[in-house]
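Protein chains in written order, with my numbering: chain A, 26 to 233; chain B, 26 to 233.
To be clear, the hints were calculated from the coordinates, so they are not data collected in a lab. Misleading hints may appear alongside valid ones.
To be verified - DSBU-like, lysine-lysine: derived pairs with alpha carbons at most 30 Å apart:
hint: 1; chain 1: B; residue 1: 48; chain 2: B; residue 2: 78
hint: 2; chain 1: A; residue 1: 183; chain 2: A; residue 2: 105
hint: 3; chain 1: B; residue 1: 184; chain 2: A; residue 2: 49
hint: 4; chain 1: A; residue 1: 48; chain 2: A; residue 2: 78
hint: 5; chain 1: A; residue 1: 49; chain 2: A; residue 2: 75
hint: 6; chain 1: A; residue 1: 49; chain 2: B; residue 2: 49
hint: 7; chain 1: A; residue 1: 48; chain 2: A; residue 2: 75
hint: 8; chain 1: B; residue 1: 105; chain 2: A; residue 2: 49
hint: 9; chain 1: B; residue 1: 75; chain 2: B; residue 2: 48
hint: 10; chain 1: A; residue 1: 78; chain 2: B; residue 2: 105
hint: 11; chain 1: A; residue 1: 75; chain 2: B; residue 2: 49
hint: 12; chain 1: B; residue 1: 78; chain 2: A; residue 2: 78
hint: 13; chain 1: A; residue 1: 49; chain 2: B; residue 2: 78
hint: 14; chain 1: A; residue 1: 75; chain 2: B; residue 2: 105
hint: 15; chain 1: A; residue 1: 75; chain 2: B; residue 2: 75
hint: 16; chain 1: B; residue 1: 78; chain 2: A; residue 2: 48
hint: 17; chain 1: A; residue 1: 105; chain 2: A; residue 2: 184
hint: 18; chain 1: A; residue 1: 48; chain 2: B; residue 2: 183
hint: 19; chain 1: A; residue 1: 48; chain 2: B; residue 2: 49
hint: 20; chain 1: B; residue 1: 48; chain 2: B; residue 2: 105
hint: 21; chain 1: A; residue 1: 75; chain 2: B; residue 2: 48
hint: 22; chain 1: A; residue 1: 48; chain 2: B; residue 2: 48
hint: 23; chain 1: B; residue 1: 49; chain 2: A; residue 2: 105
hint: 24; chain 1: A; residue 1: 49; chain 2: B; residue 2: 48
hint: 25; chain 1: A; residue 1: 78; chain 2: B; residue 2: 183
hint: 26; chain 1: B; residue 1: 75; chain 2: B; residue 2: 49
hint: 27; chain 1: B; residue 1: 184; chain 2: B; residue 2: 105
hint: 28; chain 1: B; residue 1: 48; chain 2: A; residue 2: 78
Read off the chains here:
Number of protein chains: 2
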Amino acid sequence: MQISSSLLENAVNEFSRLPGVGKKTALRLVLHLIRQSPEEVTRLTEALDKMKKELRFCQVCHNIADNNLCNICANPMRRKETICVVENIRDVIALESTQQYSGLYHVLGGIISPLDGIGPDQLNIETLVGRVNPEIQEIIFALSPNIQGDTTIYYIQKKLEPLLSAGTLRITTIARGISFGGELEYADELTLGRSIQNRMPVEKYVSH
Amino acid sequence: MQISSSLLENAVNEFSRLPGVGKKTALRLVLHLIRQSPEEVTRLTEALDKMKKELRFCQVCHNIADNNLCNICANPMRRKETICVVENIRDVIALESTQQYSGLYHVLGGIISPLDGIGPDQLNIETLVGRVNPEIQEIIFALSPNIQGDTTIYYIQKKLEPLLSAGTLRITTIARGISFGGELEYADELTLGRSIQNRMPVEKYVSH
Numbered sequence: 026m027q028i029s030s031s032l033l034e035n036a037v038n039e040f041s042r043l044p045g046v047g048k049k050t051a052l053r054l055v056l057h058l059i060r061q062s063p064e065e066v067t068r069l070t071e072a073l074d075k076m077k078k079e080l081r082f083c084q085v086c087h088n089i090a091d092n093n094l095c096n097i098c099a100n101p102m103r104r105k106e107t108i109c110v111v112e113n114i115r116d117v118i119a120l121e122s123t124q125q126y127s128g129l130y131h132v133l134g135g136i137i138s139p140l141d142g143i144g145p146d147q148l149n150i151e152t153l154v155g156r157v158n159p160e161i162q163e164i165i166f167a168l169s170p171n172i173q174g175d176t177t178i179y180y181i182q183k184k185l186e187p188l189l190s191a192g193t194l195r196i197t198t199i200a201r202g203i204s205f206g207g208e209l210e211y212a213d214e215l216t217l218g219r220s221i222q223n224r225m226p227v228e229k230y231v232s233h
Numbered sequence: 026m027q028i029s030s031s032l033l034e035n036a037v038n039e040f041s042r043l044p045g046v047g048k049k050t051a052l053r054l055v056l057h058l059i060r061q062s063p064e065e066v067t068r069l070t071e072a073l074d075k076m077k078k079e080l081r082f083c084q085v086c087h088n089i090a091d092n093n094l095c096n097i098c099a100n101p102m103r104r105k106e107t108i109c110v111v112e113n114i115r116d117v118i119a120l121e122s123t124q125q126y127s128g129l130y131h132v133l134g135g136i137i138s139p140l141d142g143i144g145p146d147q148l149n150i151e152t153l154v155g156r157v158n159p160e161i162q163e164i165i166f167a168l169s170p171n172i173q174g175d176t177t178i179y180y181i182q183k184k185l186e187p188l189l190s191a192g193t194l195r196i197t198t199i200a201r202g203i204s205f206g207g208e209l210e211y212a213d214e215l216t217l218g219r220s221i222q223n224r225m226p227v228e229k230y231v232s233h
């Protein structure tokens, strides 16, 4: 692409470094910003600068936070006896958007994946084990339903075993099966097979 | 979407004001930036701030420019006797990318469109007429092939008529017809009809 201004070209290049943003999209975004008021552009750049400078990670659950604690850990209304273990921040946002969960989270920062060179030591597993005290009643794993996710669950479960002896701590995983609105004939065999194995009483089925 | 950090939420909101960027895309971009080094983010925000602060419009052709003149008008290698009239800056970039044109441009800033409330007075037409001097040999219209584009060409042609008497100024339009690689059967009737009316000698046909 031939751009007759180095200022514009520079802005386009920086935008196109973002994931999923090509040169043409970057140009469209930059030309849009050119038409906006200077305040509009400053609002965007200041929001990014401020976020980058001030954003932290929660010291308890590793979620993103404005302070030492994230809004969820700092919220006295959340049920402290349940911890939902997720892979990343995006999963926290997805689960929060369902408005169906009122406990706390623990962000692992990934899942065990030897092929990608990610071992247990690179994940926030020690801090999770450290959080488990007699008050905690349930740990819910909400990890990707694949081998890496299952390996991670297995590894953490082993780590938690000494703490399980008291018998008050339940370890669960989010339900897996056919999506709501999904069509049986298009479901993969593994999901469909597991879903008939793990069939549940109709009264548990809550429709929306 | 429930985001547990106001800093993050703010950045996502600002990103999602860009055209074609929804909340989910904005979140993906912002989470990407969180993982980058602070310098990386500063490079993006500085490029945008600098562009917004310093970018100007060429005093001659209304293209974007780093100074009073755009790189094209300031380039002594460009042929000064040809002016290509386009609707917007994006068209300049598209034409420059073909590397087939070595003359100058004139950016109208739109085309005459009474339905959208755009009349000739809102466009850079007076400055175009002002640029026409005996040295100019050709004005090429590269406008959208629709009624608004044709109206704009007609209007400007009328304005230029007094200057045409000398007989040295040619007014042309970019060729319209079937796209290279396009299939005849999928071409619309108007294009196909015009393209048989305006057929050209085979020796003019330059393949790439």
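Hints versus structure:
1. 48(B) x 78(B): holds (27 Å)
2. 183(A) x 105(A): holds (23 Å)
3. 184(B) x 49(A): violated (35 Å)
4. 48(A) x 78(A): holds (27 Å)
5. 49(A) x 75(A): holds (28 Å)
6. 49(A) x 49(B): It holds: about 20 Å lies between the C-alpha atoms, which stays within 30 Å.
7. 48(A) x 75(A): Holds, at roughly 26 Å.
8. 105(B) x 49(A): holds (29 Å)
9. 75(B) x 48(B): The hint holds at about 26 Å.
10. 78(A) x 105(B): At roughly 49 Å apart (the allowed maximum being 30 Å), residue 105(B) and residue 78(A) break the hint.
11. 75(A) x 49(B): holds (20 Å)
12. 78(B) x 78(A): At roughly 23 Å apart (the allowed maximum being 30 Å), residue 78(A) and residue 78(B) satisfy the hint.
13. 49(A) x 78(B): Measuring from Cα to Cα gives roughly 22 Å; hence the hint holds.
14. 75(A) x 105(B): Status violated; Cα separation ~47 Å.
15. 75(A) x 75(B): Distance ~18 Å between residue 75(A) and residue 75(B) Cα, so the pair holds.
16. 78(B) x 48(A): holds (22 Å)
17. 105(A) x 184(A): Given that 30 Å is the threshold and the Cα spacing comes to 21 Å, the pair holds.
18. 48(A) x 183(B): With a Cα-Cα distance of about 39 Å, the restraint between residue 48(A) and residue 183(B) is violated, given a limit of 30 Å.
19. 48(A) x 49(B): holds (20 Å)
20. 48(B) x 105(B): Roughly 47 Å separates the two Cα atoms, so the pair is violated.
21. 75(A) x 48(B): holds (19 Å)
22. 48(A) x 48(B): The hint holds at about 21 Å.
23. 49(B) x 105(A): Holds. Residue 49(B) to residue 105(A) sits at ~29 Å (cutoff 30 Å).
24. 49(A) x 48(B): holds (20 Å)
25. 78(A) x 183(B): violated (58 Å)
26. 75(B) x 49(B): holds (28 Å)
27. 184(B) x 105(B): Roughly 21 Å separates the two Cα atoms, so the pair holds.
28. 48(B) x 78(A): holds (22 Å)
The structure shown violates the earlier hints numbered 3, 10, 14, 18, 20, 25.
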